[in-house]
Amino acid sequence: MTAPTVRPPIAMLAELTHRCPLSCPYCSNPVELARVDSELSTETWTDVFRQAADLGVLQLHLSGGEPASRRDLETLVAAAREAGLYTNLITSGIGLTERRLGALDAAGLDHVQLSLQGTDSAMADEIGGYRGGFDRKMQVVKWIGAVGFPLTLNAVLHRRNLHQLPRAIEMAVEMGARRIEVATVQFHGWALRNRDALMPTEAQAREADRIVAEARARLKGTLVIDYVPADYHSDYPKRCMGGWGTTGLNVTPDGKVLPCHAAESIPHLRFDTVAERPLADIWYRGAAFEAYRGTDWMQEPCRSCERKTVDFGGCRCQAMALVGDAAATDPVCVKSPHHGALQARAAGHASAEDAALTYREAPLRSVEPAE
Amino acid sequence: MDRDEVPYLPRGVRIHRDRVRDAWVLLAPERAITLDPVGHAILSELDGTRSFGQIVTALAEKYDASAEQIAQDSAGFLRALRDRRFLEVQP
Chain A
1 MTAPTVRPPI
11 AMLAELTHRC
21 PLSCPYCSNP
31 VELARVDSEL
41 STETWTDVFR
51 QAADLGVLQL
61 HLSGGEPASR
71 RDLETLVAAA
81 REAGLYTNLI
91 TSGIGLTERR
101 LGALDAAGLD
111 HVQLSLQGTD
121 SAMADEIGGY
131 RGGFDRKMQV
141 VKWIGAVGFP
151 LTLNAVLHRR
161 NLHQLPRAIE
171 MAVEMGARRI
181 EVATVQFHGW
191 ALRNRDALMP
201 TEAQAREADR
211 IVAEARARLK
221 GTLVIDYVPA
231 DYHSDYPKRC
241 MGGWGTTGLN
251 VTPDGKVLPC
261 HAAESIPHLR
271 FDTVAERPLA
281 DIWYRGAAFE
291 AYRGTDWMQE
301 PCRSCERKTV
311 DFGGCRCQAM
321 ALVGDAAATD
331 PVCVKSPHHG
341 ALQARAAGHA
351 SAEDAALTYR
361 EAPLRSVEPA
371 E
Chain B
372 MDRDEVPYLP
382 RGVRIHRDRV
392 RDAWVLLAPE
402 RAITLDPVGH
412 AILSELDGTR
422 SFGQIVTALA
432 EKYDASAEQI
442 AQDSAGFLRA
452 LRDRRFLEVQ
462 P
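Sequence lines, in order, name chains A and B. Using our numbering, you'd call the opening residue of the first sequence number 1 and step up by one each time. Using our numbering, you'd call the opening residue of the second sequence number 372 and step up by one each time.
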């Protein structure tokens, strides 16, 4: 029997827009970006936030793209707080000003999560594809500190910048961040196109494990370190989304409701939209949510595995991308028949020297204006 | 936690009534923690001025329990919150 009782979700990721001043080559947005003029209105998002709170969502992550690209961000934060949600802004900092941060404070924003593309302007601006971005971000950090928002630094790491991890941790402490996410790039969407340029080596992955363990012990009570290891170099897959359709949901800029942000990479899934169906109905009965909820869908070796409710077979999108079957065991797992081949591929990507970065593109309008 | 330390919930950490699950939760960056009655009672008393010892004494009177028992029952819970920076003490 699949999931005898489906519990309400705890978290919702609201991708307010796919617009972004940066063009990071590992962007988690889908390769097919939502068009600018298809974005949900202020009123629709407000209604979605109310529905989410009624459904049991506690944590709202306002993301993008760059959420500050929405001129109504302050209004949306106020609406989310009014609905009773804890509001977390996931931002590169670009597009935030001292005045806007003051307005976000007044609107009740609870927490800021700031991305870090590198620990100096040479690295950060190259990875973000935006000159001056790093200096601007350091200015925004000062304004965030002046308001007093609790801060998480989100350091995204890959082969080109993993050597900067110790400095990233130091910077988090200097900024007064309570928390850092040390996030090794996950290869979905745009990152999948950049595996030759970004795949860490096995040695880098083990060095990052060591640095994180040492820093966790040294900084206990000062800085919380959440760590997403390099999963192509792991033996067991990540517990993706805490289990499909169990903990969180994602709403795209145009209102599609997804079990995870990469779910559109599974071609046979069909997604409901907030315009067509109430959020609670989508969560409890939507076909895309029911597809991989629980354990009924599993094949061997997952079906008889003692870890099947530990990691739920890993990531469905990764199984789709690497094995061509979204119901297969995530090939990161040592029990997958494809594990050896994946490790060989990872080593191949990691030794592809001088591979160029393929940057994320900008979302289009339905009709591009004439030159 | 020492009895003369003054604990408080820092900005971005707050107690919330979860009407869907009919429970008290502590909301913090990227976390929602379900509070048991003891945890909720203690965190509700934090005002940034009274010491942990004063709070425990007040709770002992209110619930007709021993102050030692309350301090002992909450020690692990409060330590875990401090380690995650969901609880601070006045400098």
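I should point out that these hints are in silico values taken from the structure, not numbers from a laboratory. Please note that the accuracy of each hint is not assured.
Claimed, not checked - 25 Å max Cα-Cα, derived SDA-like pairs, lysine to any residue:
{"#": "1", "chain 1": "A", "residue 1": "K238", "chain 2": "B", "residue 2": "R455"}
{"#": "2", "chain 1": "A", "residue 1": "K308", "chain 2": "A", "residue 2": "H339"}
{"#": "3", "chain 1": "A", "residue 1": "K220", "chain 2": "B", "residue 2": "L397"}
{"#": "4", "chain 1": "A", "residue 1": "K220", "chain 2": "A", "residue 2": "D209"}
{"#": "5", "chain 1": "A", "residue 1": "K238", "chain 2": "A", "residue 2": "W297"}
{"#": "6", "chain 1": "A", "residue 1": "K238", "chain 2": "A", "residue 2": "K308"}
{"#": "7", "chain 1": "A", "residue 1": "K238", "chain 2": "B", "residue 2": "I404"}
{"#": "8", "chain 1": "A", "residue 1": "K335", "chain 2": "A", "residue 2": "A347"}
{"#": "9", "chain 1": "A", "residue 1": "K220", "chain 2": "B", "residue 2": "K433"}
{"#": "10", "chain 1": "A", "residue 1": "K238", "chain 2": "A", "residue 2": "Q343"}
{"#": "11", "chain 1": "B", "residue 1": "K433", "chain 2": "B", "residue 2": "D454"}
{"#": "12", "chain 1": "A", "residue 1": "K238", "chain 2": "B", "residue 2": "E401"}
{"#": "13", "chain 1": "A", "residue 1": "K220", "chain 2": "A", "residue 2": "G243"}
{"#": "14", "chain 1": "A", "residue 1": "K142", "chain 2": "B", "residue 2": "Q461"}
{"#": "15", "chain 1": "B", "residue 1": "K433", "chain 2": "B", "residue 2": "V391"}
{"#": "16", "chain 1": "A", "residue 1": "K142", "chain 2": "B", "residue 2": "L417"}
{"#": "17", "chain 1": "A", "residue 1": "K220", "chain 2": "B", "residue 2": "E401"}
{"#": "18", "chain 1": "A", "residue 1": "K220", "chain 2": "B", "residue 2": "A436"}
{"#": "19", "chain 1": "A", "residue 1": "K142", "chain 2": "B", "residue 2": "R450"}
{"#": "20", "chain 1": "A", "residue 1": "K308", "chain 2": "B", "residue 2": "L417"}
{"#": "21", "chain 1": "A", "residue 1": "K238", "chain 2": "A", "residue 2": "S121"}
{"#": "22", "chain 1": "A", "residue 1": "K142", "chain 2": "B", "residue 2": "P462"}
{"#": "23", "chain 1": "A", "residue 1": "K220", "chain 2": "B", "residue 2": "Y379"}
{"#": "24", "chain 1": "A", "residue 1": "K308", "chain 2": "A", "residue 2": "L269"}
{"#": "25", "chain 1": "A", "residue 1": "K142", "chain 2": "A", "residue 2": "D209"}
{"#": "26", "chain 1": "A", "residue 1": "K335", "chain 2": "A", "residue 2": "R293"}
{"#": "27", "chain 1": "A", "residue 1": "K308", "chain 2": "A", "residue 2": "R285"}
{"#": "28", "chain 1": "A", "residue 1": "K220", "chain 2": "B", "residue 2": "R382"}
{"#": "29", "chain 1": "A", "residue 1": "K142", "chain 2": "B", "residue 2": "E459"}
{"#": "30", "chain 1": "A", "residue 1": "K220", "chain 2": "B", "residue 2": "R402"}
{"#": "31", "chain 1": "B", "residue 1": "K433", "chain 2": "B", "residue 2": "L417"}
{"#": "32", "chain 1": "A", "residue 1": "K220", "chain 2": "B", "residue 2": "G419"}
{"#": "33", "chain 1": "A", "residue 1": "K238", "chain 2": "B", "residue 2": "V460"}
{"#": "34", "chain 1": "A", "residue 1": "K238", "chain 2": "A", "residue 2": "D254"}
{"#": "35", "chain 1": "A", "residue 1": "K142", "chain 2": "A", "residue 2": "Q164"}
{"#": "36", "chain 1": "A", "residue 1": "K220", "chain 2": "B", "residue 2": "R450"}
{"#": "37", "chain 1": "A", "residue 1": "K220", "chain 2": "B", "residue 2": "D375"}
Now the hints, each set against the structure:
1. K238/A with R455/B: OK: K238/A and R455/B at ~22 Å, within 25 Å.
2. K308/A with H339/A: 17 Å, holds
3. K220/A with L397/B: 21 Å, holds
4. K220/A with D209/A: OK: K220/A and D209/A at ~16 Å, within 25 Å.
5. K238/A with W297/A: Roughly 18 Å separates the two Cα atoms, so the pair holds.
6. K238/A with K308/A: With a Cα-Cα distance of about 12 Å, the restraint between K238/A and K308/A holds, given a limit of 25 Å.
7. K238/A with I404/B: 22 Å, holds
8. K335/A with A347/A: 19 Å, holds
9. K220/A with K433/B: Given that 25 Å is the threshold and the Cα spacing comes to 34 Å, the pair is violated.
10. K238/A with Q343/A: 16 Å, holds
11. K433/B with D454/B: 29 Å, violated
12. K238/A with E401/B: 18 Å, holds
13. K220/A with G243/A: Judged against 25 Å, a Cα distance of about 29 Å means the pair is violated.
14. K142/A with Q461/B: Given pair K142/A, Q461/B holds - Cα atoms ~23 Å apart, limit 25 Å.
15. K433/B with V391/B: 28 Å, violated
16. K142/A with L417/B: Outside the cut-off at roughly 29 Å; violated.
17. K220/A with E401/B: 18 Å, holds
18. K220/A with A436/B: 33 Å, violated
19. K142/A with R450/B: Violated, at roughly 30 Å.
20. K308/A with L417/B: 41 Å, violated
21. K238/A with S121/A: 32 Å, violated
22. K142/A with P462/B: 23 Å, holds
23. K220/A with Y379/B: Answer holds: K220/A to Y379/B is near 19 Å, not above 25 Å.
24. K308/A with L269/A: 22 Å, holds
25. K142/A with D209/A: 30 Å, violated
26. K335/A with R293/A: This hinted pair holds, its Cα atoms lying about 21 Å apart.
27. K308/A with R285/A: Distance of about 23 Å is within 25 Å: holds.
28. K220/A with R382/B: 19 Å, holds
29. K142/A with E459/B: The hint holds at about 22 Å.
30. K220/A with R402/B: Holds, because 18 Å separates the two Cα atoms, which is no more than 25 Å.
31. K433/B with L417/B: 15 Å, holds
32. K220/A with G419/B: With a Cα-Cα distance of about 23 Å, the restraint between K220/A and G419/B holds, given a limit of 25 Å.
33. K238/A with V460/B: 35 Å, violated
34. K238/A with D254/A: 28 Å, violated
35. K142/A with Q164/A: Holds - the C-alpha atoms of Q164/A and K142/A are around 21 Å apart, at most 25 Å.
36. K220/A with R450/B: Since the Cα atoms of K220/A and R450/B sit roughly 11 Å apart, the hinted pair holds (cutoff 25 Å).
37. K220/A with D375/B: 22 Å, holds
Violation of the numbered hints given earlier is confined to hints 9, 11, 13, 15, 16, 18, 19, 20, 21, 25, 33, 34; the remaining hints are satisfied by the structure.
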